[in-house]
Amino acid sequence: MLIITAAGLTVKWSLLQPIHNELVNKYKRADLLFYERNSICNIIDLEDFNMLTLPVACFFMLIFIIFSKRTSFMKKKLNGHVAPIVPIDFYTHIKRKFAAVVFAIIADELLDIVNQVINGNTSKEEGVIVVYLLRILKVLFIGFRYYPVLSAVYIDSILTLTCAILYAWLDFSVSIVYQGLCQSDFYPSDDNFDETNGTDIARLFEYYGTGQNLIIIQLFTDIPRYICWSYIIIKLPMLLINKISTTIKHKNKDQFKRLHLTREEKILLHSSAVHSVEMSYVRNLFRPINQRSTSRLFLARLIPKFIYQWRDDFRFSSRILCVYASTCLVLFFITVQACILVVPYLDELQNSIQQLIDQISISSNQQNKQSEFPLPNFVRPYIIAILTALIVTMIQLLILLTNIRRNLFQIFRGDDSEIPKRDKSKYLSYSTGNFHFAGFFIGYLIWGYALIALFALIIYISIDAFITFGSVKFLEKILKLIIPILLLILFKMYLNKLLARYVFLQYHGDILAINNRRVLMIFLYFNFFLDSFLGFISSIIRIIKSIVGGCLYMSRLDYSPMGRKLETLDAGFSAYCGFIHMEAVHRNPIMLVVASYLYSRMKAKQYVTKNLMMMMKNDRKSSKDYSSKVVQKWHLVVLLLRNPSLVFLRKHALSQIENKKMKTLNEVNRRQSCIEQTLYRPSLVSEIDLQNMWQKNVN
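For the record, in the sequence shown the residue sitting at position 42 is 34 according to this note's numbering, with numbers rising by one throughout.
Since the hints were derived computationally from the structure, they do not count as laboratory data.
Worth double-checking, as some hints may not be accurate.
Simulated restraints, written as ranges between beta carbons of each label pair [what the hints assert, rightly or not]:
| no. | residue 1 | residue 2 | range |
| --- | --- | --- | --- |
| 1 | 331 | 561 | 34 to 42 Å |
| 2 | 597 | 298 | 48 to 56 Å |
| 3 | 419 | 59 | 33 to 41 Å |
The beta-carbon is built from N, C-alpha and C at its ideal position, and this holds for glycine as well.
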């Protein structure tokens, strides 16, 4: 993976180096700072749309649709082929890491669109609605570009994985060429020169120099993106090799012994496996906490339990991993761009703010011409503020990750202490909130990051001003106004605690019962007027706390700054509740284990029935011609055993009865003939006549 990353960075460096040298020469000659794009850019890029890989992606998607089979709708038409393809199942654990890496790359490209919208890099001839429609269309095009890679892994067939490998190499190569020759982060081209007129690159050359610093910064920024692409390029062939090996193994087995299952059926049946996550959760329900098995992962042993306790009976869904991978890469790019692109403008910003403050101070106090708030250099406070915002945001993300697991466990066991109880009248709200969860998550995160950086910058500038200049009149005035009020509030707060513990409550506060009732009534009378003033000050502090808390917790969707009574009015918290309820309904471990067990028993019966039928068919094909007579005789035996009365109606039985009747008639006739012959006396002529007569009588 590192080899592919290094190779990609080397190729991009070779593409950027001539452009860098050309712009450096123009900068030294004071010429217009832009480069002419290569002719291949006109093929790849059409109005900021990648038109080279998009048709290939659509072609592969069409192939996947044709060879996919329907599972329920019109299964007999076209042998079940031509079915919609799914890029990823967000409620399962299928290739979660792979999907997260792909979504991280998508977030990188979406960040470029956000920058264009914020900076206003649009054509003046286009209207606002047209511009935003084009941005939405570009987002859809990005989704179509990465659709074949995700759907190929989800379908998991030799054909789809082969197509995904070819497409991944194509898109990776085109991305390197496009970002190196057509659209660079720092170097303007003839296509976008009118947006800045080359002032940005001139400022970067002035601050970072004309050496290799900009190229190094550009390559450093591309490292996470290229690592993600390298992972995809390596992972797809590995999946293809595994699929081919499993296919060969299955071909060696008898076909009638195999049970063909869809991807969804395999996922459901895995829930009742012995070592599945869902089965582990069900087993832990019947075990005390101290007897539950610890995680076998090496990473789980490295992380201290007071920071995060790894559990083998829970896994985050693919959606959570995709969202967190996207946010991590977005935070990286925002931090790098904030440090690289903004720092050269801080001196100019400092001078502008200093002039504004001086004008305000002079207009308010014309006698004092000295600045009441001298500003220090912004570079050091700005860098520290950006790092503070990054650290605070990452901590909030980790806390939110643990809260998601805790809230899901609470919903599983019916605890509504944090998440409002599921209400049937709000099912549509839950569904729409679930739709918005990922987008709101990233949007709130970016705003929280920016607000934390802004407040931290103000605080660090004030601290740096005290350290640098020793005395700042403006801040001293503010502190002189605030400190006495804060001291009064603190004194009153601790006085109330002491009086409540030792004067007005029995047993020093261990029992909620009034003591010294008359003294309490007198104190409440005077405290009524005193707290009116403190209440006014406390309301201002409440507003300040709400603002600070809202900024710190802006990236946390599980926290609503509106409070418990108004939290449903918060769109972010509503999206979080919808996500939690939908996850709990579709990923409840007990429900999945029971459904998996019942479905496995049903499939087992189908498997046995199918095998018996296949064995009978194979026996009939391999048997000789007379085997049909044997089968008929066995059927006849069963019929006669079940119906004994039919035995006497068979042809053989009827013939035996007929023969018996004939013998009986012959016997009667013979006896009659013997009686008639005895009426005549035999002749005594000779002995021969007597013998003949005797033989006739015997016969």
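Taking the hints in turn, this is what the structure says about them:
A hinted range of 34 to 42 Å holds for the C-beta pair residue 331 and residue 561, which are about 37 Å apart. Checking the proposed 48 to 56 Å range against residue 597 and residue 298 shows it holds: the Cβ atoms sit about 50 Å from each other. A C-beta distance of roughly 36 Å is found between residue 419 and residue 59, which places it inside the suggested range of 33 to 41 Å.
The structure shown violates none of the earlier numbered hints.
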